[in-house]
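Novice: Single-letter residue listing:
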Amino acid sequence: MVEVNIWQLYQSMLYSRLFENAVKDLWEQGKISGEMHLGTGEEAIIAGIVSQLEQGDAIAVDHRGTPPFIMRGIDPILLLLEFLGHPKGLCSGQGGHMHLFSKEHLIASSGIVGSSGPAATGFALALKYQKRRNIAVAFFGEGAINQGMMLESMNLASIWSLPVLFVCKDNNWAVSTITNDVTGGNLIDRVKGFGIEGYEVDGTDVEEVWKVANEMIYKMRNNGGPQFIHAHCVHTEGHFLGDPLLRYNRNPDLLAEVADSLKKYAGKNLDEILLLLRKIGGQTKKKADPIVIIQKKLKNDPDRLKQIEEEVNIEIEQKVNKALEIFEGGIKNE
Amino acid sequence: MNKMGFAQAIETVIAKAMEEDENIIIMGEDVHGLRLNLFARFGRERVMPTPISESAFVGAAVSAAMAGLRPIVEIMLVDFIGVAMDAILNHAAKISFFSGNNWNVPLVIRTACGGGYGDAGQHEQSLWGLLAHIPGLNIVIPSNPADAGGLMLSSIYADDPVIYFEHKLLTDYWLDSMGSGGRTTVSFNVPENGLEGEVPDKWQPIPLGKLNQMKEGNDITLVSVGVGVHRSMEAAKILEEKGISAEVLDLRCLAPLDVEELKNSVEKTKTLLIIDEDYKSFGLSGEISAMLLENDISFKFGRICTETTIPYSRELENQVLPNKERIVKEALKILRI
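The listed protein sequences derive, respectively, from chains A and B.
FYI, the numbering for the first sequence is 1246 to 1579, going by the working numbering.
FYI, the numbering for the second sequence is 5 to 341, going by the working numbering.
There could be a bad hint or two in this list.
To be verified - Cβ pair distances, simulated, as ranges: (1) B:Ile-242 to A:Glu-1555: 54 to 60 Å; (2) A:Pro-1497 to B:Glu-26: 34 to 40 Å; (3) B:Phe-303 to A:Arg-1495: 53 to 59 Å; (4) B:Glu-202 to A:Pro-1497: 52 to 58 Å; (5) B:Gln-323 to A:Gly-1275: 15 to 21 Å.
As the list claims (entries may be wrong) - No farther apart than 35 Å at their CA atoms in a straight line, the calculated lysine-lysine pairs in the DSBU-like style are these: (6) A:Lys-1513 to B:Lys-7; (7) B:Lys-246 to A:Lys-1269; (8) B:Lys-304 to B:Lys-246; (9) A:Lys-1564 to A:Lys-1333; (10) B:Lys-328 to B:Lys-304; (11) A:Lys-1509 to B:Lys-20; (12) B:Lys-20 to A:Lys-1513; (13) A:Lys-1564 to A:Lys-1551; (14) B:Lys-333 to A:Lys-1333; (15) B:Lys-328 to B:Lys-214; (16) B:Lys-206 to A:Lys-1333; (17) B:Lys-246 to A:Lys-1508; (18) A:Lys-1524 to A:Lys-1541.
By construction, these hints were calculated from the structure, which means they are not laboratory data.
All C-beta atoms in this analysis are idealised placements derived from N, C-alpha and C, irrespective of residue type, glycine included.
All chains, full assembly: derive it from the sequences and hints.
Specialist: Below, the structure is given as structure tokens:
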């Protein structure tokens, strides 16, 4: 079996992070419109799995498509141009960050929560039917685990013994709802009910994710049915950039203002709201940042860490400059 | 008269109704945050955050309504209604009929809709035509705060299910969270009279199925709902400068539809231009023209609608959604000026 190459995984995770940091800058400058759901905080999960995919494997992603698209090798300039709404973007400026597609890479995304379940199931059905040794991966948040279509697709994948790797990226916040408050039972038990094997992993530890996924993918390529990974992580930017509840959380004056405006109502409910607004910042906690965690693991070789960071920084700067050059050259001239 | 925001008007009316009638409950994703004031006031028992399980909680709201509650169930964006469609299409809309009109479903489905902030075609659709197609549903689309409150009041106390649309360009918190995200580097074409406006001191229900004549005119009738009403008013102003007198009608409800007032207006102007942010094919614009033809009215006809999936790029989006330029151009074309 192949051994985990942690330096390569680090490079991939860092690339994704710095790329998304650049996307964040462009969004803040108003060059990217609408919502922007970053995958910052999910990099260890995505890298630990996508790095093990082969040509012909399929991926269905949710509304946080950037890290899997980057790590699957889709041209970052095409992604940037898409986010900038340019006709030369990956999807001609028609899709944007929630609706990314690359037919040649068999990777498709959707902004509808839970839809990656049926999508990966169908990909796996086609791959199995065509007698390939390929697998399909579904990435989704734990909010999606209560969506009917997700549970139905797990059952389908199970009865048809399809090679689907269901990957639940759990930050315990479904937008502003604490998922434990709205989720019955335990997810590993839940998928067991469908006859699917599941493992809980620390999704901030790329080595752990890689090892668990490696075993699962091996089984699936050898006529195994679906598998389930429950990976815990954080979202360093909250649900989306400009998350209003995080804005309250990060601004004590604003928080005091909200508390004040709600004081006229019942005390018990007010306490619950204030607790929520204080807690919501917890989803971004730095000590669970997978980049920080892997950098600590690799701290014995500071020169190599520094070198990788410099190289990645330079490359991303070049990609962003190139994309902006095309963007600022105007839409009509292109 | 007070001034009030669109969202605030809805909240004020709901708060008052909830105070008076304890059978009114709210459920939906993130309602503890989205309806912070109502949550603070009425607590988790009556403002119930749900998991992302639309097919289950909309289905449950239907039967909770059958068992005596008056639920206001939220589907965050109308684009997500696909997930809950069976509960709406085959249950909410049909139970009254199947039961021989003996068992009603007094349910409000509240949902945000509409584009103009660069979020693409899975988050910016209108879809009222799709829903108005189904017999048994009331379809309500307010365009300003006074109507938003008055129509919500009627919706809450309606005997049959209501789908109540809130356009995101009219709703400050939606535009803040999904459009700007706190940024000052982006701008949107927000209709000011829709976002904020005068509301009555004492709220009265506005009956469902009564259109609102926004502007009187003789040469052409512009018909729309939601943000389209404001785009029509902008276009009417430009037409006025060209010597064309446009009448502007805000339908406010698609079901029931105010056929009488539509007939009166088109009989007068003999020219109809429909402005619909929803899709063109098999929708509102075709239906209204067919209904007028059935009433033996002949008229010149045009329509400005969304014809494709709404693209992500702001530039492309501007071309796809109805705007005053497209309306004026089409008006001049059908008037042969």
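Novice: Each hint: holds or not?
Specialist: Each hint, compared with the structure:
A C-beta distance of roughly 57 Å is found between B:Ile-242 and A:Glu-1555, which places it inside the suggested range of 54 to 60 Å. As the Cβ distance of A:Pro-1497 to B:Glu-26 is approximately 36 Å, the hint placing it in 34 to 40 Å holds. The given range of 53 to 59 Å is respected by B:Phe-303 and A:Arg-1495, whose C-beta atoms sit roughly 57 Å from each other. The hint said 52 to 58 Å for the Cβ distance between B:Glu-202 and A:Pro-1497, and at roughly 36 Å that hint is violated.
At roughly 20 Å, the beta-carbon separation of B:Gln-323 and A:Gly-1275 lies within the given 15 to 21 Å, and the hint holds. For the given pair, A:Lys-1513 sits about 31 Å from B:Lys-7 by alpha-carbon distance, which is consistent with the 35 Å threshold. As the CA atoms of B:Lys-246 and A:Lys-1269 are separated by approximately 46 Å, the hinted pair breaks the 35 Å bound. In summary, the hint linking B:Lys-304 to B:Lys-246 is supported, as the alpha carbons are separated by about 19 Å, within the 35 Å threshold.
For the suggested pair A:Lys-1564 and A:Lys-1333, the alpha carbons sit about 14 Å apart, so the restraint of at most 35 Å is met. Restraint check: the Cα-Cα separation between B:Lys-328 and B:Lys-304 comes to about 19 Å, which is no more than 35 Å; the hinted pair holds. Taken as a hint, the A:Lys-1509 and B:Lys-20 pair is honoured in the structure, with Cα atoms around 15 Å apart against an allowance of 35 Å. Restraint check for B:Lys-20 and A:Lys-1513: satisfied, since their Cα atoms lie roughly 21 Å apart, inside the 35 Å limit.
Taken as a hint, the A:Lys-1564 and A:Lys-1551 pair is honoured in the structure, with Cα atoms around 20 Å apart against an allowance of 35 Å. Proximity of B:Lys-333 to A:Lys-1333 is assessed by CA-CA distance (about 30 Å); at most 35 Å being required, the pair is judged to hold. This hinted pair checks out: B:Lys-328 and B:Lys-214 have alpha carbons roughly 25 Å apart, not beyond 35 Å. For the hint linking B:Lys-206 to A:Lys-1333, the alpha-carbon distance of about 54 Å lies beyond 35 Å, and the restraint is violated.
Simply put, B:Lys-246 and A:Lys-1508 have alpha-carbon atoms about 54 Å apart, too far for the 35 Å limit, and the pair is violated. Restraint check: the Cα-Cα separation between A:Lys-1524 and A:Lys-1541 comes to about 26 Å, which is no more than 35 Å; the hinted pair holds.
The structure is inconsistent with the numbered hints 4, 7, 16 and 17, although it conforms to all the rest.
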